[in-house]
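Trainee: Okay, here's what each chain looks like letter by letter:
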Amino acid sequence: ETGVTQTPRHLVMGMTNKKSLKCEQHLGHNAMYWYKQSAKKPLELMFVYNFKEQTENNSVPSRFSPECPNSSHLFLHLHTLQPEDSALYLCASSSAGPDTGELFFGEGSRLTVL
Amino acid sequence: KNQVEQSPQSLIILEGKNCTLQCNYTVSPFSNLRWYKQDTGRGPVSLTIMTFSENTKSNGRYTATLDADTKQSSLHITASQLSDSASYICVVSANTGNQFYFGTGTSLTVIP
Numbered sequence: 079e080t081g082v083t084q085t086p087r088h089l090v091m092g093m094t095n096k097k098s099l100k101c102e103q104h105l106g107h108n109a110m111y112w113y114k115q116s117a118k119k120p121l122e123l124m125f126v127y128n129f130k131e132q133t134e135n136n137s138v139p140s141r142f143s144p145e146c147p148n149s150s151h152l153f154l155h156l157h158t159l160q161p162e163d164s165a166l167y168l169c170a171s172s173s174a175g176p177d178t179g180e181l182f183f184g185e186g187s188r189l190t191v192l
Numbered sequence: 474k475n476q477v478e479q480s481p482q483s484l485i486i487l488e489g490k491n492c493t494l495q496c497n498y499t500v501s502p503f504s505n506l507r508w509y510k511q512d513t514g515r516g517p518v519s520l521t522i523m524t525f526s527e528n529t530k531s532n533g534r535y536t537a538t539l540d541a542d543t544k545q546s547s548l549h550i551t552a553s554q555l556s557d558s559a560s561y562i563c564v565v566s567a568n569t570g571n572q573f574y575f576g577t578g579t580s581l582t583v584i585p
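Protein sequence lines, in the order shown, are assigned to chains A and B. Heads up, the first sequence is in our numbering, so the first residue is 79 and it goes up one at a time. Heads up, the second sequence is in our numbering, so the first residue is 474 and it goes up one at a time.
Since the hints were derived computationally from the structure, they do not count as laboratory data. Since this is a predicted model, take the numbers as computed values, not measurements. We treat Cβ as the ideally placed atom computed from N, Cα and C, and that holds for glycine. Incorrect hints may have been included.
[What the hints assert, rightly or not] To give an idea of the interface, some chain B residues facing chain A are shown, with a C-beta separation under 7 Å as derived from the structure:
(1) R515
(2) G516
(3) P517
(4) S519
(5) F575
(6) T577
[Stated by the list, open to error] Straight-line C-alpha distance at most 20 Å; calculated EDC-like pairs for lysine to aspartate or glutamate:
(7) B:K474 with A:D163
(8) A:K119 with B:D512
(9) A:K114 with B:E527
(10) A:K114 with A:E145
(11) A:K118 with B:D512
(12) A:K119 with A:E162
(13) A:K96 with A:E180
(14) A:K114 with B:D512
(15) B:K474 with A:E134
(16) A:K100 with A:E131
(17) A:K119 with A:D163
(18) B:K530 with A:E180
(19) A:K118 with B:E478
(20) A:K119 with B:E478
(21) A:K114 with A:E180
(22) A:K119 with A:E185
(23) A:K97 with A:D163
[Said to hold, decoys possible] Derived list of chain A stretches under chain B, where covered just means 3 residues or more per stretch with a C-beta under 8 Å from a C-beta of chain B:
(24) 145-156
(25) 184-190
Bound-form chain A, shown alone (with noise of 0.2 Å):
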């Protein structure tokens, strides 16, 4: 266990659904991140929270909504989303602050676009 939990881990769904990814964390920490994992690819930094607001967006389309609540818990939401958007979603925290250290992953939710 990590202290970090994401539901669901499975997801299928077609284009035209529309779906929502959990992530909660129990660390205490303040910095919350979604990444993509495509096969062969690096890991994909698509956003980042801290304290609740968010730091970053990088250049992700508009079909993924983030909503970070408070500082324990992220969603990503899914809307006409591609199959090329059929991937491995890891959430992961960290503490915050310039040198933040160590990341701790979720189990990831995979995503299947139909």
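Add chain B to chain A, keeping to what the hints say.
Mentor: Same frame as chain A, now just chain B:
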């Protein structure tokens, strides 16, 4: 440009043998370097962290080295076990806050 490159891309070894994975980076200003292990379908888990002043750090059968001058790191696995089969990812943190740079990983397969 801040980059992290890992080699080899994949590796197959016999159970009980040793192996070494490589990581080269160009990240600046450097804060620390971590090796993560990622089992198939799971999230990455940290194995070791190396800061600028550290040359070697061990975690059981895993030993990481860092040469900050040449910007190279290695992860040595001793007496490999079947459970070592995973992807090993090198992650370099920049000293500018919340900046992490990922390698593409080395896929290790240990066979009996």
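Trainee: Work down the list of hints and note, for each, if the structure agrees.
Mentor: For each hint, the structure was consulted:
Interface hint status for R515 of chain B: upheld, as the beta-carbon distance to the closest one in chain A is roughly 6 Å, under 7 Å. Using the Cβ-Cβ criterion of 7 Å, the hint placing G516 of chain B at the interface with chain A is satisfied: the shortest such distance is roughly 4 Å. The interface hint given for P517 of chain B is met, as the beta carbon of that residue sits about 5 Å from the closest beta carbon of chain A, less than 7 Å. A distance limit of 7 Å between C-beta atoms decides the matter here; for S519 of chain B the minimum to chain A is near 6 Å, and the interface restraint holds.
Of the supplied interface hints, the one on F575 of chain B holds, with its beta-carbon coming within about 4 Å of a beta-carbon of chain A, less than 7 Å. Given the 7 Å rule on beta carbons, the hint for T577 of chain B holds: about 5 Å separates it from the nearest Cβ of chain A. For the suggested pair K474 of chain B and D163 of chain A, the alpha carbons sit about 26 Å apart, so the restraint of at most 20 Å is broken. Simply put, K119 of chain A and D512 of chain B have alpha-carbon atoms about 16 Å apart, close enough for the 20 Å limit, and the pair holds.
Restraint check: the Cα-Cα separation between K114 of chain A and E527 of chain B comes to about 31 Å, which exceeds 20 Å; the hinted pair is violated. With a C-alpha separation of about 16 Å, the suggested pairing of K114 of chain A with E145 of chain A holds against the 20 Å cut-off. A hinted pair counts as satisfied when its Cα atoms are at most 20 Å apart, and K118 of chain A with D512 of chain B qualifies at roughly 14 Å. Between K119 of chain A and E162 of chain A the CA atoms are separated by roughly 13 Å; this keeps the pair inside 20 Å, and the hint holds.
Annotation: proposed proximity of K96 of chain A to E180 of chain A is violated, straight-line Cα distance about 32 Å (limit 20 Å). For a cut-off of 20 Å, the pair hint linking K114 of chain A to D512 of chain B stands: about 16 Å separates their Cα positions. Distance check on the hinted pair: K474 of chain B and E134 of chain A sit about 18 Å apart at the alpha-carbon level, within 20 Å; holds. Restraint check for K100 of chain A and E131 of chain A: the C-alpha separation of about 17 Å stays at or below 20 Å, so the hint holds.
Using a Cα cut-off of 20 Å, the hinted pair K119 of chain A and D163 of chain A holds, with the two alpha carbons roughly 13 Å apart. A C-alpha spacing of about 16 Å is found between K530 of chain B and E180 of chain A, which places the hinted pair at or below 20 Å, so the restraint holds. Between K118 of chain A and E478 of chain B the CA atoms are separated by roughly 13 Å; this keeps the pair inside 20 Å, and the hint holds. Simply put, K119 of chain A and E478 of chain B have alpha-carbon atoms about 11 Å apart, close enough for the 20 Å limit, and the pair holds.
Restraint check for K114 of chain A and E180 of chain A: satisfied, since their Cα atoms lie roughly 18 Å apart, inside the 20 Å limit. Taking the CA atoms of K119 of chain A and E185 of chain A, the gap is near 18 Å; set against the 20 Å cutoff, the hint holds. This hinted pair checks out: K97 of chain A and D163 of chain A have alpha carbons roughly 13 Å apart, not beyond 20 Å. With a cut-off of 8 Å between beta carbons, the segment 145-156 of chain A has 0 residues touching chain B; three or more are needed, and the interface restraint is violated.
With a cut-off of 8 Å between beta carbons, the segment 184-190 of chain A has 4 residues touching chain B; three or more are needed, and the interface restraint holds.
Checked against the numbered hints given earlier, the structure breaks hints 7, 9, 13 and 24 and satisfies all the rest.
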